[in-house]
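*Asks:* These are the residues of each chain, in order.
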Amino acid sequence: MTPLARREARQGLLFISPWIVGFLAFTLIPMVATLLFTFLNVTLAQAEPLRFVGLDNYARLFGDPQVWQSLVVTFTFAALWLPFIVIVPFVLALALNSRHTKGKSLFRTLFFMPYVVPFVAGILAWQQMFADTGWLNDFLRFLGWKNPPAWLFDITFIYPALVILGIWGIGAGIIVNLAGLRGIPTELYDAAKIDGANSRQQLRYVTIPMMSPVIFYTIILGVVEVLQYFLVPLVLKAGTGEPGGSTFFYNLYLYKVFFNFQQMSYGATLAWLLFGITLLFTVILFRTSRRWVYYAGER
Amino acid sequence: MRTRQLRAGALLATLVLAVGACGPNTVGTPVPSGPGASVPAASTPASQPAPSVPSADLRWFCCLGTGQDPVQIPVEEEVAAAFATSFPGSNLKFEVTNYDEARDTLSTQIASGNGPDLVGPVGVGGLAAFQGQWLDLGPQIEKWSYDLSEYDPAAVDFYKTAEGQIGIPFAVYPSMLWYKADMFEEAGLETPPHQYGTKYKMPDGTEVDWSYDTVLELAKLLTVDKSGKDATEAGFDPKSIVQYGFEPQRDDLRGLGAYWGAGSLAGADGKTVAIPDAWKVAWKFWYDGMWTNHTIMTGSVAESEEFSGGGYTFFSGRVAMSENFLWTTYGVADAGTDWDLAAIPSYNGKVTSPLNADTFGVLKGTKNPDTAFAGLTYVLGEASDKLLNLYGGMPARTAKQDAFFETLGKKEGFPEKVDWQVAKDSLQYADNPNFEAPMPKYNETLTILEKYESKFATTPGLDMDKEIEALRAEIQAAWDS
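If you read the protein sequences in the order shown, they are chains A and B. When you line the first sequence up against this note's numbering, it's residues 1 to 299, in that order. When you line the second sequence up against this note's numbering, it's residues 1001 to 1481, in that order.
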């Protein structure tokens, strides 16, 4: 390495050092620490002497019904939620990108506006809208539904309610999809038209393949987000898992084990299981992406 | 474990004794005897030496029990601010956290090394949930020669755990039946008996035991739909009920069960889950009341704006009878001006009135144990009258009871005459062991109970025997892990 290169490297490291310090202090060291915790018996009270427990915490995971119940809750909701957060922003972005749509700027603003409302405030507002005397049920009664659902108190309707609440905040997803759609070269559509493709075929053979990186990105973020689903059930149902445990998501259980049950080691083990599950799904998605994600700039 | 349960039972028994047999109206005051005291207190009784404590800024964490209501907060802040007058140089900062988040918040604060000094009011359950975190007050009591003679020794001993002396008795909240006299009058029914052991006169003139069977019969007559039909009439519409006959205390499945009989989830060995039979009956009564008899609100109705009462359904003024603790005086004025208190009904000929008991605790992580102890004695002593009235807590000192109820009875919006004697009498039927007594994996167990409670309240058509067995198995799995 030349002296110039060495000096540049030193300066580069100097400039990046705040991030490195932050990464070490707030990410890497805590991660390593939690991994160590999983082999110890750390609790808040620490009534027993600190000791090495081997794989006991991992063995406990398999015998803990709450782990599996909360994973079932999480995956059930994910199965319902993921298609919505992938498809709805894409469809809305298509509509907003269409030359036939009037008032695009107004709609873009309206769709994005909920995203800038503080999330907790939004959840609390929806809590009132889902109430028996809330706007949603008032509207359903107006349409003739005599006994509309108790959205937040009925195991059948709680997930649809959470999906509706989530869709309200998809403004960012729409913007990402819109940016992707704007980036598709018009020449491709022109060529498709010359080849006789109708609108549906243009969507199938041009738009979707060209948008596949954005869709892939949305799916990855969606998977990570849904596995970490926490704030909505915490605020909406005070973390109780009501109704009947249907909102007792995995991350909520993890939080409770840490801060309510005060079992730091077991909580850390749950966190590492979540990390493993997230990693597994991410790897699977990346592996499969080779088959269906098209990168126009890829060599 | 068994010892702990017995101790919990002993507390309730002794608190009852203390209430009934306490000595003169003296308030324990810290009297320092050790070195290091620095700032003399400004206002202490002239007959006692002035206590001194190192100056410190204390934090008072609320609310693991009552204390979070918007009308309570300004008074608590006022009490906290006045601490500086009694102990110049020191301050007491009141920090309110909603009950729903209080346990998690306190855990987080402790875990991050940022715990408060003083915690309260905290009940038996709150103390049990934070086992291992409380300061042993013994050294401070000895150092300050704190006068405990006004308490029954057994009541003081109740707060002696493996951690040491973790509390000093403060307030008790017996349970009663709260009823709306106007609803009984409108239905042409006798009001429920105020005296324990009294029979109830049914509309046909027959006299029957004041039991849950009788309550069910009355509840059906007092549950009315919008067309004015009661739950016994043909054509009654359970989907348009405007007035409910009965509401149990549904904060905690254990508490709900304890109205039918005292018990504990922990079996004789302290490791095996054994749900008391009376609790199973209570839970089925509640479940059938919601989904079959329609005399009790389902979960969604109880949470609705119309019926929630902003806290407890009885506050909505749409419930004829409800079981609850004395602390509900904080919001019961919303129920109207025609409510009164009656005896808790019996189950299998036995009456059980679940009891809540509150105190204040000092966390062992406090950096200022002496000043925190001064803060404790301040809220339990000088500020206790104000706080007891605020919380609706019956003082443990007999001499203070009548004055307490006199003040409570004058509360704005209360009926002119409330039979507070029922509250005093209910103490004789306190649950022993107490439903909040320590048990293994306390917080985990509460989480499982909450889940099932919610399931019962929101899901019709359940096989309750199977559900109760599933609940038992799940708690057992948590205890075994």
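No lab work stands behind these hints: they were computed from the structure. Don't take every hint at face value.
[To be verified] Capping the alpha-carbon separation at 20 Å, the derived lysine to aspartate or glutamate pairs in EDC-like fashion look like this:
| no. | chain 1 | residue 1 | chain 2 | residue 2 |
| --- | --- | --- | --- | --- |
| 1 | B | 1441 | B | 1425 |
| 2 | B | 1441 | A | 138 |
| 3 | B | 1160 | B | 1150 |
| 4 | A | 146 | B | 1305 |
| 5 | A | 146 | B | 1213 |
| 6 | A | 146 | B | 1150 |
| 7 | B | 1239 | A | 190 |
| 8 | B | 1441 | A | 48 |
[To be verified] Covered stretches of chain B, going by a simulated chain A footprint (3 or more residues, C-beta under 8 Å):
| no. | region |
| --- | --- |
| 9 | 1098 to 1104 |
| 10 | 1107 to 1121 |
| 11 | 1319 to 1328 |
| 12 | 1379 to 1393 |
In this text, a Cβ means the ideal position worked out from N, Cα and C, and glycines have one as well.
*Asks:* Which of the numbered hints are not met once you compare them with the structure shown?
*Replies:* 1, 2, 5, 6, 7, 11, 12
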